[in-house]
Amino acid sequence: METLIGLLVAAPLLGAAVLLIGGRRLDRSGHLLGTLLALVSFAFAVVLFADMLGKSADHRTLTSTLFTWVPVESFQAQVGFQLDQLSMTFVLLITGVGSLIHIYSIGYMEHDENRRKFFGFLNLFLAAMLLLVLADNYFLLYAGWEGVGLASYLLIGFWQHKPSAATAAKKAFLVNRVGDIGLSVAIMLMFTTFGSFTFADVLPAAAKAGSAQHATITGIGFMLLLAACGKSAQVPLQSWLGDAMEGPTPVSALIHAATMVTAGVYLITRSGAIFNAAPDAQVAVVTVGAVTLLFGAIVGCAKDDIKKALAGSTMSQIGYMIMAAGLGPIGYVFAIMHLVTHGFFKAGLFLGAGSVMHGMNDEVDMRRYGGLRKFMPITFVTFGLGYLAIIGFPGLSGFFSKDKIIEAAFAKGGTEGWILGGCAMLGAAITAFYMTRVMLMTFFGEKRWVPDAEGHEPHPHESPSVMTIPMIILAFGSVFAGGLFSLNSRFVHWLEPVTGYSEGDSPVSTGAVTAGTLVLLVVGVGIAWLMYGRRPVPAVAPRGSLLTRAARRDLLQDDFNHVVLVRGGEHLTRSLVYLDHSLVDGVVNGTAASVGGLSGRLRKLQNGYVRSYAVSMLGGTAVVVAATLLMRAV
Amino acid sequence: MSASAIAPSVHSLWTTAAPATEKFPTPHIEYAQLSPTLIVFGVAALGVLVEAFLPRKSRYTAQVGLAVVGLAAAFAAIVALAEKGYGTTKAHIAAMGAVAVDGPALFLQGTILLVALVAVFTFAERRLDPKAHGRHVDSFAAQGSAVPGGDQERAAVRAGFTTTEVFPLLMFAVGGMLIFPAANDLLTLFVALEVFSLPLYILCALARRNRLMSQESAVKYFLLGAFSSAFLLFGIALLYGYAGTVSYSGIASVIDGTAKTTPALASSTQNDALLLIGLAMVTVGLLFKVGAVPFHMWTPDVYQGAPTPVTGFMAAATKVAAFGALLRLLYVVLPGMRWDWRPVMWGVAIVTMVIGAVIAVTQTDVKRLLAYSSIAHAGFILAGVIAIDKSGVSSVLFYLAAYSFVTLGAFAVVTLVRDAGGEATHLSRWAGLGRRSPLVAAVFAVFLLAFAGIPLTSGFAGKFAVFKAAAQGGAMPLVIVGVISSAIAAFFYIRVIVLMFFSEPKADGPSVAVPSPLTSTAIAVGVAVTVVLGLAPQYFLDLADKAGVFVR
Amino acid sequence: MNPANYLYLAALLFTIGAAGVLIRRNAIVVFMCVELMLNACNLAFVTFSRMHGNLDGQVIAFFTMVVAAAEVVVGLAIIVSIFRSRHSASVDDANLMKL
Amino acid sequence: MADSSFPILTVTAALPAAGAIVTAAVPAARKAAARYTALAFSLGTLVLSLITLFRFDPQGARYQFTETHTWVKSFGLHYDLGVDGIGAVMVALTALLIPFVMLAGWHDADPLEDVTGPNRRWRPTQGFFALILAVEAMVVLSFEATDVFLFYIFFEAMLIPMYFLIGGFGDRAHAGGEEEASRQRSYAAVKFLLYNLAGGLIMLAAVIGLYAATAKQLGTGTFALQDILNARASGKLDLATSTERWLFLGFFFAFAVKAPLWPLHTWLPNAMGESTAPVAVLITAVVDKVGTFAMLRFCLQLFPEASKWATPVIMVLAVISVLYGALLAVGQRDIKRLIAYASVSHFGFIILGIFAMTSQGQSGATLYMVNHGISTAALMLVAGFLISRRGSRLIADFGGVQKVAPVLAGTFLIGGLATLSLPGLAPFVSEFLVLVGAFSRYPALGIIATLGIVLAALYVLVLYQRTMTGPVKAGVAGMSDLKARELVVVTPLIALLLFLGVYPKPVADIVNPSVQHTLSDVHKTDPKPALEAKK
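Sequence lines, in order, name chains A, B, C and D. FYI, the numbering for the first sequence is 6 to 639, going by the working numbering. FYI, the numbering for the second sequence is 9 to 560, going by the working numbering. FYI, the numbering for the third sequence is 231 to 329, going by the working numbering. FYI, the numbering for the fourth sequence is 25 to 559, going by the working numbering.
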């Protein structure tokens with residue numbers, strides 16, 4: 006069984022290698038190979054899962070160490086895997102959803118000349134992501150962490166001839182790098198504090214660390230949070246996610262909705278022991294989560310680009326998860342649970358969006374959609390189910406997972422609990438609003454589409470089954486997963502051995518929370534219907550309120566980055582280049598020049614006149630004589 | 009003559025009466041031990057006779073042959089003496105205290121003789137200049153006395169005159185140089201100085217091309233040389249006045265206070281001014297010859313104007329001889345006074361190193377460039393001189409040997425690069441030489457790198473030796489100044505290399521004349537010594553080490 | 231009369247000679263000034279020889295005269311040749327080479 | 025350990041030296057012969073160096089394959105060779121890179137048209153390859169020398185062939201015509217030489233000082249590293265604090281110029297910018313390593329106390345180099361200058377690791393030297409191929425290359441990713457080790473240095489974006505993809521980057537013991553974790 010863990014990673018890695026090195030001769034078969042290997046990996050996952058279910062809850066952790074990676078005295082980094090319930094959950098999600106999206110891409114990328122490369126990158130991503138969740142130490146996790154970053158970079162910029170895509174890819178990588186500083190510093194802190202960075206060593210040690218290490222552990226916590234912010238597009242490092250939508254839609258679905266962006270949640274949950282020992286860090290985490298869930302939701306409300314709207318929603322949903330994770334043992338389980346359900350419905354939604362674009366000549370502006378439900382029924386239904394799931398329609402996945410998080414937020418207790426709970430419920434309302442907005446603008450109302458740049462009148466049509474089937478499967482997930490998990494709280498029991506779980510005592514009863522949420526839900530949907538359902542949607546966006554305009558521009562956070570970081574950076578580098586030339590180099594050249602100048606002046610003494618030579622001799626003699634006499638005098 | 013005979017009549021005028029002076033002892037000369045010098049002078053005299061009696065056609069051959077044989081013989085004699093142990097155990101003072109036969113003397117004389125031998129080759133070179141009236145001509149004026157460009161000169165050229173007198177002149181100069189570092193009393197020192205200077209003055213005036221410049225250089229060299237020897241002589245006078253004797257050991261013993269005191273001595277030693285000023289002026293006389301700042305100003309002009317073979321010989325041999333004399337003076341006569349002269353020499357060494365290197369940076373003429381570089385090198389050597397100990401002496405000896413051959417080789421290469429107007433010494437003309445004739449350029453580059461003191465060349469070994477000696481003598485600051493100025497110096501050596509290899513050759517660029525075996529040999533010897541002393545200096549270091557002791 | 235005075239005279243002559251070298255233009259005169267310096271040296275030698283009561287100084291004086299004579303020969307030869315080619319014996323005209 | 029009967033180290037150095045002579049002797053017309061001769065010799069050297077590496081016994085004596093002869097007694101100069109783990113690895117790196125440098129510069133030196141007339145004796149091709157081999161020989165010797173003076177000699181002497189390589193064989197892709205190009209080139213060459221010569225001469229003063237010091241205390245001056253260390257250990261040699269510090273500064277200055285360390289770095293961009301890509305690789309990947317290597321080998325071993333005394337300042341300078349170099353790389357408009365400044369930043373990391381005085385730091389620094397060598401070689405050589413195709417070095421002249429030459433773009437990207445030290449590629453390992461090492465003694469500096477990884481991502485990705493992505497620029501259209509020879513150059517380097525990125529253990533195992541020796545020389549031990557948690 007242990008070896009299977011390795012193979013789990015190896016399969017897609019092999020695929021990536023073959024597809025990228027194989028070259029053009031694989032163009033025709035490449036996508037199939039890629040998909041096959043993704044499925045193989047999924048099969049391994051299922052086998053392992055079955056095997057794991059066979060064991061008792063406490064003996065489910067599998068570990069396998071392949072080889073020593075970096076051995077330098079006390080710094081011993083192994084390439085070792087640890088498969089427990091937490092990673093198992095991720096493995097299933099990644100390989101499962103991953104495989105589906107591979108299949109979907111076969112259709113979606115059909116006409117792209119670089120389809121082989123695309124599948125190679127997808128496989129590379131799967132491998133890296135699996136490495137991330139399977140690593141048994143932070144150092145190896147870091148490798149996976151950057152690996153997914155690379156894959157994301159390559160896939161966002163897949164259409165490199167589009168400058169916007171290239172820029173977006175670069176931006177994503179850079180912002181992630183900022184987060185990576187957090188992770189690497191965290192690892193260094195672990196190494197200097199605990200002399201190790203394996204989960205097995207660090208987490209227990211952190212749990213029983215004395216107050217002496219409290220500050221350090223808090224530091225580690227903050228650093229991990231920074232990392233999570235980068236990967237999971239949390240405020241203040243969220244700016245890249247919107248642009249990342251430049252990538253092909255399957256990428257947005259897999260990487261920027263279902264899996265990679267949730268890595269931050271995984272990191273925090275995995276490091277639960279550390280955060281439990283560092284309350285201050287936890288506060289920071291919940292704050293970031295709460296802020297982001299509102300931030301994302303608000304942004305989502307203003308976007309007319311369907312993918313950007315969904316991106317905003319992703320941001321906010323992950324905000325929920327992060328917040329839940331920040332709540333400690335009462336939240337971890339639900340964070341993960343929401344992560345999984347979100348994986349289903351958000352992936353579904355994106356694929357739906359992709360399907361819509363596929364039928365609309367890659368038009369992304371929802372104001373150019375409308376009334377599409379007639380033209381693409383399957384897409385409409387699957388998308389609709391995903392929509393119901395995400396707004397938390399009773400009985401669907403989102404309903405269970407999100408409500409649990411809101412309850413947990415209240416259960417945190419005290420003012421903190423109230424604030425967080427409030428944010429969460431408000432978020433729920435806004436979610437309802439913007440998703441309804443998306444739904445209405447896309448599938449309802451009258452058709453608003455127009456010929457595109459080349460003058461092709463779009464002929465909306467349903468996508469081929471290779472694309473719709475994955476959507477249908479995901480729709481099933483988004484409908485039933487939540488219920489399945491919550492049925493006599495299976496999921497809690499499943500994860501409890503790893504993350505730990507504790508019932509918080511909520512000041513408000515579960516019923517009240519549910520009721521309140523539902524009310525807000527209706528309100529949200531209602532407002533949306535009043536604005537976009539009842540009256541026709543203007544084909545060009547109205548100027549809108551100040552907030553709306555701000556929201557369209559990601560609440561100006563990007564502009565801030567631009568002015569402060571980009572401009573400032575440019576000025577800095579430019580002035581440094583100048584300084585390097587004029588000052589640092591100038592000193593050297595100046596010395597050389599001055600020697601030359603001195604030389605030129607001294608030369609003048611050699612004026613060719615014997616008599617002046619004689620003068621210098623006489624003078625010299627005088628000096629020598631005087632000096633000699635002086636020497637005796639002193 | 010007998011002084012006592014006329015003494016009373018004179019003395020009656022004097023307030024202070026001096027005691028009757030003793031008789032002259034009959035002189036006895038150790039001919040065997042002075043044989044090198046005697047051979048050279050003998051050959052020189054023969055050369056004069058050759059000029060007088062042999063037909064013009066056969067003079068050249070005869071003179072060259074004589075010179076080569078004579079120098080070789082002299083060198084053999086040196087080796088024989090060294091073998092006999094006159095360099096070490098049997099070192100002593102010959103010719104009634106006039107000349108020392110000891111390690112440094114023999115080593116330096118050997119070096120001078122070899123240098124001279126190679127120089128003879130460059131003197132004798134007759135392939136470089138285009139034929140005049142069907143005859144090969146060397147680099148010396150057809151007739152020194154003839155007015156440049158005048159009818160007389162044209163006639164002389166047509167008649168195929170050549171100044172074969174240069175060889176006897178060279179030999180006389182060599183003879184003087186052989187005595188100079190061995191001179192063991194101030195009078196011999198002075199006479200030797202003049203004996204090797206006067207022929208050089210004339211040699212400088214004898215260039216075939218650019219005769220005006222040649223004559224000018226001679227005038228400058230002569231006037232300044234005479235001026236400086238006047239200082240030397242006055243210094244000698246003062247020292248004599250102080251010590252009542254001109255022999256090195258005598259003066260030394262007076263300074264140490266070990267001499268038997270006469271009332272006259274007692275009164276004269278009262279006043280140190282005599283000693284100090286005398287010391288200073290004698291030193292100045294020698295510093296002029298080594299070309300130390302501020303007594304260096306003749307160097308560039310003379311080096312540029314003189315015929316290049318002469319320049320090469322001067323640059324190499326004069327330095328060797330002069331530094332030899334300086335060493336002997338400072339180590340034998342004045343060790344007791346080091347606290348007086350050391351600081352002064354420190355100053356001179358520093359300004360010499362720095363000024364030499366700095367001024368060279370902006371030179372545009374190869375020969376002047378080498379002149380300034382020789383000044384800088386004089387500074388480096390002075391740094392070694394200042395380290396008052398055995399390692400100081402041997403390091404200087406080694407440096408001189410290494411340096412002289414590099415210099416000789418470098419100037420020999422300069423004679424090869426020519427255009428219509430003779431040697432093309434302006435640097436701009438050297439552009440792209442590395443493409444035209446990589447070999448010559450490479451050889452010159454080797455010499456330049458040796459000057460710059462790049463490892464694996466003799467220049468580095470020498471520089472390291474003197475700096476090491478200086479450092480051990482506690483003159484670390486001097487070493488640092490030296491290091492810095494060699495960094496500056498490196499710049500202009502490099503500049504020449506850049507010019508030769510990295511810049512496009514000019515269309516009308518100079519051509520490299522194909523030399524006869526003579527010059528080729530000279531250059532080859534230069535390269536060989538440079539490389540050997542660079543890679544395996546140990547044997548020669550040992551030699552210099554053995555030779556590092558002066559006889560008192 | 232104190233022989234030291236002869237020394238003062240010697241020094242004076244030497245200085246005059248040196249000054250002459252510096253200020254006179256005509257090469258011949260410059261050279262004569264050098265000779266003057268040499269003779270100053272001679273005077274010093276003789277004086278000292280007298281003071282020390284040994285003959286070395288006087289002998290040296292003879293040597294010096296010989297040397298000076300030799301110098302004259304060479305010097306005049308050079309100066310004359312340059313005079314013939316330049317029609318001027320001024321040392322200031324001879325500065326083709328400088329810097 | 026291997027039997028020391030066969031002088032393998034000498035032979036490893038002698039082979040390229042002989043090769044240089046042979047290559048130079050090849051007649052003007054036979055360019056191809058010259059190339060293959062040179063390549064053959066370099067491959068032979070590679071084989072020897074690998075044998076050394078594999079027969080090196082990490083658990084064995086500190087210095088192995090030692091050879092000892094007196095060269096110049098009066099100078100205390102010995103011909104002492106010997107390699108510790110670090111030396112062996114560096115020699116192998118050198119020998120490894122040279123063949124690639126040659127292959128990459130296969131036609132760089134050929135005269136544009138057949139030279140005839142007065143210049144027909146001019147043989148640039150022969151010269152080019154001969155000089156490369158000469159450099160190799162000297163670099164190898166300076167890695168093997170265990171005598172301070174012997175090291176100094178080759179440390180200095182290697183400047184000359186390097187100088188000719190820079191000044192004589194410049195980059196033909198120059199903005200302002202041939203005239204301007206040659207002006208720039210000789211400026212760069214002279215700057216390179218004078219900078220390093222100045223450094224070397226300062227070191228010479230220190231070397232002489234060292235001799236004087238040892239001579240005073242030991243009777244006879246010596247430069248043999250072993251003698252000096254023994255003498256110090258036995259207390260016979262005990263340098264005064266001030267003396268030791270001055271000497272240290274003298275040595276360090278030279279090495280800092282070579283390395284180069286801010287603010288002594290300004291010669292590198294010129295040199296790398298004006299020389300051809302292979303020569304630029306030779307400079308930054310091979311020759312400059314001597315500087316950092318020497319810090320590790322000589323500064324720390326000879327002057328432990330002074331090293332510790334100077335550490336804080338040096339660490340700060342190193343961090344400045346890291347950030348400064350990266351920031352300037354971001355601001356460059358010229359591809360090669362960009363890579364040059366990136367190297368400045370990387371050398372900052374190396375020095376950071378060396379003076380962190382921890383196992384991680386110094387092993388990391390050593391690995392860094394190797395990895396930086398390979399990664400920069402990969403990046404710079406591909407850049408060279410790119411530049412030679414377009415005839416320009418300006419980033420602005422490129423765009424959309426990945427469309428026309430995907431393989432070139434791909435390899436370039438991999439080289440870039442290595443440069444920004446992406447996990448899975450070799451540089452990541454070393455960079456992280458260096459950072460950990462620095463962090464465990466100087467947390468603040470460690471954290472500041474980590475900013476370097478963001479900046480690295482910035483300059484690499486900006487470079488890639490501007491040159492490779494976006495619409496195809498006019499001059500780029502029709503650009504050919506990598507040719508077979510070029511693939512032969514790039515592929516092994518990339519393979520090596522991947523291998524060492526995934527499995528650096530073999531190298532680390534050879535290096536670690538030597539690093540322990542060095543640390544014990546400076547009497548330093550790794551800081552203990554506050555709360556040992558390892559099971």
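The set of hints was computed from the structure by calculation and includes no laboratory data. Among the clues, some could well be false.
[Said to hold, decoys possible] Mimicking BS3-like on lysine-lysine, the simulated pairs with C-alpha atoms at most 27 angstroms apart in a straight line are:
#1 Lys-609/A x Lys-328/C
#2 Lys-97/D x Lys-554/B
#3 Lys-92/B x Lys-514/B
Practice task
Quickly compare the C-alpha distance for Lys-609/A and Lys-328/C to 27 angstroms and report which way the hint goes.
Solution key: holds (8 angstroms)
Handout entry: Pair hint Lys-92/B and Lys-514/B, alpha-carbon separation not exceeding 27 angstroms
Key = violated (57 angstroms)
Exercise for the section: Please work out if Lys-97/D and Lys-554/B have their alpha carbons no farther apart than 27 angstroms. Expected result: holds (14 angstroms)
Comparing the model with each numbered hint stated earlier shows that hint 3 is the single one that does not hold.
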